[in-house]
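Protein chains in written order, with numbering that gives the first Met the number 0: chain X, 0 to 105; chain H, 0 to 234.
Hints were generated in silico from the structure; no laboratory data involved. As the structure is a computational prediction, the values presented were derived from the model and not from experiment. Be aware that one or more of the hints could be misleading.
When the alpha-carbon atoms are kept at most 25 Å apart in a straight line, the in silico DSS-like pairs for lysine-lysine are as follows [to be verified]:
| id | chain 1 | residue 1 | chain 2 | residue 2 |
| --- | --- | --- | --- | --- |
| 1 | H | 71 | X | 89 |
| 2 | X | 72 | H | 71 |
| 3 | H | 196 | X | 75 |
| 4 | X | 72 | H | 107 |
| 5 | X | 89 | H | 107 |
| 6 | X | 70 | H | 196 |
| 7 | H | 188 | X | 82 |
| 8 | H | 107 | H | 95 |
| 9 | X | 89 | H | 192 |
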Amino acid sequence: MSRTRLFLSACCAAALTAPQKSSQPATPAKPDVDSVKGPINPPVQKTIAETAPAPRLAMIDADNPWVEPGKVKWHKSFADARKAAENSGKPVLLFQMMGRLDQQFT
Amino acid sequence: MLFSSDEVSQYITDNFEPAWESVRPVPLVTIDFGNGHKITRTLNGNVATHVCAADGTLLDVLPGVYTAEEYKRQLEQFVLLHRYAQLPGPAHARLKVYHEQQAALLAKQKAPASLVEVRGGPSILGIETTVQLVASGRSNRGVDRAASAAPPAPPAEKIAGWKELAEDTRINESLRRRLIHEKLAATGKVQPKDITKWLYKEVLKADLDDPHLGLGELLNRQYPFAAEDAATKKK
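Generate the whole structure from the sequences, applying the supplied hints.
What follows is the structure, given as structure tokens:
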């Protein structure tokens, strides 16, 4: 067999065995099976609502809407405030309350 | 309220590393008038302001709400207390004496001692300042202190709320602070979480372990259908 025929045969063989990406539809990835279906369960939602100072939540409660927590630059947690105090030398101020500082009724 | 005040907020931001936390959801009362109108109010909110060292050691606590002026004055004392705790020598012993002295003064209805900054001796860094605890010698008659701490009276329509806040400030600075000083003098080194339940139950009168926050008897005392509701719940 001539070199040219041999080369052409090799090319055809390669083409036939190459994955046919463009002609076949992609196999869809198997979706993650999430066993928790539907809205967040009430106990979990309650825990999130009570954990402070969590990031702003949109309308936890229609009767107690979200408000700005004053003009103080609050750290996200007592632990964060303590870490900052180690560097700054300032005392830590921890404000405890019933309810949330970022809700209208406290 | 307090943290909406520019002066108080700026002072806190400049002089502390502040954080807030919720001890439990606030109880709300909602009255539905049935015609689309509703009113919502809080039933028994209560707050406490703690000052701590960087390692979390609790130095002192302000119970409840204060007028803005008195609150800022107390925060200034907290800044000095933090410096006082860092003076040479065992901090725990110094704080114990501080709390014992304050509790004793309040028990005698005298004004608590104040922390003041005084000039110390010269050093290679210049003239240093230090902090001392100085007894005022004044009476702690609540009316006088509340009157001096409170701002000028607001317009007539808001005067009831102002009087209530001034009265709250007076009670906080007499009875409630005494209980806190006695507690902190008796305990060893603690963090805020170690005394939270005690503070809310014994000082702020809102037992966190009671689902009705101590208000069950008051609310049910003259409620005519209490027995009927209890029987229905059992079913």
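For a quick check of understanding: which of the numbered hints are violated here, in increasing order?
Numbers 4, 5, 6, in rising order.
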